[in-house]
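Chemist: The lines below spell out each chain.
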Amino acid sequence: MAWSSFFMLIIVLLGPIVAIVVSLSGYFEKVFRIHEEK
Amino acid sequence: MDVSAAIMVFAYLAVIIGLGFYLSRFVKSEDDFWLAGRTMGPWVTAFSYTATWYSAVALVGSPAFIYGKGLAMGVWTAFGATWLFVIGPTMALGVPLRRMSERLNAVTIPEWIGARFDSRLLTGLAAICIVVFFIPYITAITKGAATVFQVFVNIPYIWGVILTGIVVAIYMTLSGYYGVCWTDFIQGWIMIVALTVTLITALVKAGGIGAAVSTLKSIDPKLVAPSGGLPWPMFISMAFVWGFVTWGQPQMLVRFLGLKSARQIKTLFVVAAFSSLFIIFPCYMLGVLGKVFYPTEFLKRPDLLIPSMLKDMMPLFFVGFFLCAVIAATMSTMDSIVLVATSSVVRDIYERLILIPKGAVIDHVRMLKISRVVCVIILALGILLAIKPPGIIWSISVFAVGSIAATITASILYGVFWKRANWQGSLASMIVGFGVTMLWYALKIKFMHPYLVGMIFSHIAFPIFALMFPPPSKELVERVYGAK
Numbered sequence: 001m002a003w004s005s006f007f008m009l010i011i012v013l014l015g016p017i018v019a020i021v022v023s024l025s026g027y028f029e030k031v032f033r034i035h036e037e038k
Numbered sequence: 001m002d003v004s005a006a007i008m009v010f011a012y013l014a015v016i017i018g019l020g021f022y023l024s025r026f027v028k029s030e031d032d033f034w035l036a037g038r039t040m041g042p043w044v045t046a047f048s049y050t051a052t053w054y055s056a057v058a059l060v061g062s063p064a065f066i067y068g069k070g071l072a073m074g075v076w077t078a079f080g081a082t083w084l085f086v087i088g089p090t091m092a093l094g095v096p097l098r099r100m101s102e103r104l105n106a107v108t109i110p111e112w113i114g115a116r117f118d119s120r121l122l123t124g125l126a127a128i129c130i131v132v133f134f135i136p137y138i139t140a141i142t143k144g145a146a147t148v149f150q151v152f153v154n155i156p157y158i159w160g161v162i163l164t165g166i167v168v169a170i171y172m173t174l175s176g177y178y179g180v181c182w183t184d185f186i187q188g189w190i191m192i193v194a195l196t197v198t199l200i201t202a203l204v205k206a207g208g209i210g211a212a213v214s215t216l217k218s219i220d221p222k223l224v225a226p227s228g229g230l231p232w233p234m235f236i237s238m239a240f241v242w243g244f245v246t247w248g249q250p251q252m253l254v255r256f257l258g259l260k261s262a263r264q265i266k267t268l269f270v271v272a273a274f275s276s277l278f279i280i281f282p283c284y285m286l287g288v289l290g291k292v293f294y295p296t297e298f299l300k301r302p303d304l305l306i307p308s309m310l311k312d313m314m315p316l317f318f319v320g321f322f323l324c325a326v327i328a329a330t331m332s333t334m335d336s337i338v339l340v341a342t343s344s345v346v347r348d349i350y351e352r353l354i355l356i357p358k359g360a361v362i363d364h365v366r367m368l369k370i371s372r373v374v375c376v377i378i379l380a381l382g383i384l385l386a387i388k389p390p391g392i393i394w395s396i397s398v399f400a401v402g403s404i405a406a407t408i409t410a411s412i413l414y415g416v417f418w419k420r421a422n423w424q425g426s427l428a429s430m431i432v433g434f435g436v437t438m439l440w441y442a443l444k445i446k447f448m449h450p451y452l453v454g455m456i457f458s459h460i461a462f463p464i465f466a467l468m469f470p471p472p473s474k475e476l477v478e479r480v481y482g483a484k
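So the sequences go chain by chain: A and B.
The numbers in the numbering used here rise by one with no breaks, and the one at position 35 of the first sequence is 35.
The numbers in the numbering used here rise by one with no breaks, and the one at position 480 of the second sequence is 480.
By construction, these hints were calculated from the structure, which means they are not laboratory data.
Do not take every clue at face value.
[Stated by the list, open to error] The following label-pair restraints were derived from C-beta to C-beta distances: (1) 132(B) - 32(A): 42 to 48 Å; (2) 189(B) - 17(A): 20 to 26 Å; (3) 17(A) - 358(B): 51 to 57 Å; (4) 196(B) - 17(A): 16 to 22 Å; (5) 358(B) - 20(A): 49 to 55 Å; (6) 6(B) - 11(A): 48 to 54 Å; (7) 25(A) - 102(B): 38 to 44 Å.
[To be verified] To spell it out: a stretch of chain B is covered by chain A in this simulated footprint if at least three of its residues, at any positions, have a beta carbon under 8 Å from a beta carbon of chain A; those stretches are: (8) 74 to 81; (9) 90 to 98; (10) 256 to 268.
The C-beta atom is built at its ideal place from N, Cα and C for all residues, glycine as well.
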């Protein structure tokens with residue numbers, strides 16, 4: 001049962017993990033550049 | 001009801017009102033009232049974003065919904081909520097919507113739609129849609145709060161309705177968006193602490209995660225099956241369907257507009273992902289664990305699950321704290337709904353459709369006074385309707401947010417991402433989205449939720465009608481997207 005509990009924990013935390021990864025990946029810097037004040 | 005718990009609730013209400021008085025000093029004009037003059041920080045806004053979405057329906061209704069559906073549904077629905085509700089709209093819409101709103105000088109979503117498509121008609125339609133659907137939504141939320149007061153503090157229903165209305169009216173009319181965001185920030189933390197402590201206690205009493213899973217398996221193996229014993233398509237649609245509704249909610253999207261700068265969306269993104277998870281995950285897990293403690297007791301009335309778990313597991317003073325969390329969840333949603341409905345009447349309909357076409361000069365201080373009066377009137381309307389208790393809170397809430405999403409989401413998405421999008425496409429998508437949703441409700445068709453059908457048809461109608469008519473002028477495109 002341990003593996004399934006671990007798997008579910010990862011699924012639940014995937015949202016915030018993705019949020020951190022996206023935040024560190026430079027995605028927003030790219031979006032800021034695209035939508036910079038013109 | 002324990003006296004200490006009652007004192008805790010009234011002390012909490014006093015703090016919220018006190019905060020409203022303190023923040024009123026920052027509200028000098030209409031723009032401060034609607035959007036705090038675009039000065040809000042990302043942490044406060046992130047908590048406001050999540051606290052606005054999760055009402056008492058999340059705290060009491062979500063565990064009831066998950067009760068009996070098993071672990072997989074709880075886990076995936078929490079994942080779906082965080083992923084689609086926070087990460088999707090923030091990544092896709094946050095920055096462009098904010099930048100465009102600055103260029104178009106729009107502080108409300110109907111105003112943004114009208115400016116994006118250069119059509120006052122669209123501003124009016126979106127504003128009317130918001131007012132029409134949000135007043136019953138206010139009624140449903142008020143009923144939820146009054147019922148909580150009635151059950152836990154033994155306050156008669158009618159007094160619960162009046163008390164809720166008075167508290168929200170005081171801090172909202174005084175401090176506008178400042179009060180909405182800062183009270184949401186406090187209310188969000190109260191919700192997180194109350195839910196986390198309750199979940200940990202329930203897990204300990206169940207003997208830990210492993211023991212809880214084994215108990216669930218012994219009750220019914222489907223409760224721990226990967227898809228909850230449901231066919232996968234049904235399971236996926238149930239777990240993810242509501243995540244899309246937030247993409248078209250003006251009370252959520254307006255958070256991007258109120259930040260100090262577009263760059264703060266990056267911080268908001270991470271904080272909101274965590275705060276959303278810490279609120280909704282315990283809600284769903286308490287529903288799953290409810291089955292461990294009460295295998296059959298609440299099959300017919302699952303709404304009683306959370307009150308019973310609190311009564312049986314937690315000390316009496318903590319019940320008072322959890323009650324504060326339920327009231328917090330209710331008020332943090334209600335204030336945002338009232339503010340958006342008020343801005344639709346004053347800013348979008350009165351200013352944009354009546355005063356400006358006449359060439360009148362807008363006096364922003366006078367408009368602030370009018371806004372406060374209209375705010376009280378809208379709140380009073382919602383509350384008056386709650387005196388005679390309406391039907392099921394969940395159904396009314398779902399009807400309101402679903403109908404708004406079906407009507408305006410296509411205009412926002414195409415308006416942000418498609419330069420060719422014109423007002424004819426937007427108008428068609430609003431009519432089709434609204435019409436199909438109402439028709440689906442009227443025909444009582446059970447295949448797919450009406451809001452989802454309305455969303456699909458409105459997104460198909462938009463490009464078809466947009467391509468049938470001329471593209472927007474070059475000047476409008478430059479005004480919206482910025483000059484090259």
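Chemist: Next step is simple, just say for each hint if it's right about the structure.
Modeler: We went through each hint and held it up to the structure:
In this structure the supplied range 42 to 48 Å is violated for residue 132(B) paired with residue 32(A), their Cβ-Cβ distance being about 37 Å. Look at residue 189(B) against residue 17(A): about 22 Å separates their beta carbons, and that is inside 20 to 26 Å. Distance hint check: the CB atoms of residue 17(A) and residue 358(B) are about 54 Å apart, consistent with the given range 51 to 57 Å. At roughly 19 Å, the beta-carbon separation of residue 196(B) and residue 17(A) lies within the given 16 to 22 Å, and the hint holds.
A hinted range of 49 to 55 Å holds for the C-beta pair residue 358(B) and residue 20(A), which are about 51 Å apart. Distance hint check: the CB atoms of residue 6(B) and residue 11(A) are about 40 Å apart, inconsistent with the given range 48 to 54 Å. For residue 25(A) and residue 102(B), the Cβ-Cβ distance of about 25 Å falls outside the hinted range of 38 to 44 Å, so the restraint is violated. For the stretch 74 to 81 of chain B, the stated coverage by chain A is satisfied: 4 residues place a CB nearer than 8 Å to a CB of that chain, which reaches the threshold of 3.
With a threshold of 8 Å between beta carbons, the proposed coverage of the stretch 90 to 98 of chain B by chain A holds, since 3 of its residues qualify and at least three are required. As drawn, the stretch 256 to 268 of chain B meets chain A at 4 residues by the rule of a beta-carbon pair under 8 Å; at three or more, the given contact holds.
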